[in-house]
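Listed below are the residues making up each chain.
2 protein chains.
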Amino acid sequence: MELPISPWEAALGEKITVPTLSGSVNVTLPKGSQSGNQLKLKGKGLPGNPAGDQYLRLKIVIPKQSSEKVEALYRNLAEQESSFNPRSSLGV
Amino acid sequence: MELPISPWEAALGEKITVPTLSGSVNVTLPKGSQSGNQLKLKGKGLPGNPAGDQYLRLKIVIPKQSSEKVEALYRNLAEQESSFNPRSSLGV
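Chains A and B supply the protein sequences, listed in that same order.
So in our numbering, the last spot in the first sequence is 92, and the numbers never skip.
So in our numbering, the last spot in the second sequence is 92, and the numbers never skip.
This is chain A alone, in the form it adopts within the complex:
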């Protein structure tokens, strides 16, 4: 199952609420979580004895629209992270 998270939740490692087969649980994301990373929730999968684990695949998502303030913050981030190339593995 995919678990959508925001860039700030991923970067800061925030505590979030996650739906599982045995109800909602609170999870603290690892700092620097990444799209595609898997999150393992021990004992929160299929019921049984012992209960199975639930795996969630992280997906970083953003709000559809941005205010001017938010855009300014993104521009600031782009400057701070100017050495970051998301496509380095693609050779571009």
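Read the hints as simulated data drawn from the structure, not as lab findings.
Only a predicted model underlies this, so the values are computations on that prediction, with no experimental measurement involved.
This list has only true hints and no planted wrong ones.
Simulated pairs of lysine to aspartate or glutamate, EDC-like, Cα-Cα distance not exceeding 16 Å:
#	chain 1	residue 1	chain 2	residue 2
1	A	Lys31	B	Glu68
2	A	Lys69	B	Glu81
3	B	Lys59	B	Glu14
4	B	Lys40	B	Glu2
5	B	Lys31	A	Glu71
6	B	Lys64	A	Glu14
7	A	Lys64	B	Glu9
8	A	Lys31	A	Glu14
9	A	Lys64	B	Glu81
10	A	Lys59	B	Glu2
11	A	Lys64	B	Glu14
12	B	Lys64	A	Glu81
13	A	Lys69	B	Glu79
14	A	Lys31	B	Glu71
15	B	Lys59	A	Glu2
16	A	Lys15	B	Glu79
17	B	Lys59	B	Glu2
18	B	Lys15	A	Glu79
Fit chain B to the supplied structure of chain A, relying on the hints for placement.
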């Protein structure tokens, strides 16, 4: 194929370089691009007459590590976007 993009490239709709079967091309992302969205590059797929289109699935990724400055910007973003719930569709 998956195309990794940064949160600021996605939010601001920046111009990026994309590898295709017919070489690298420059593409301006739609503002507010989202993980999972498809990008269609007309005529940049399999060669032929006419050439096929190349489809790329966007994936928002972030740098592994953040400086204190970057973390402060993310905290500011989190405040500005406090009404955004990435998991609203999951009912949590």
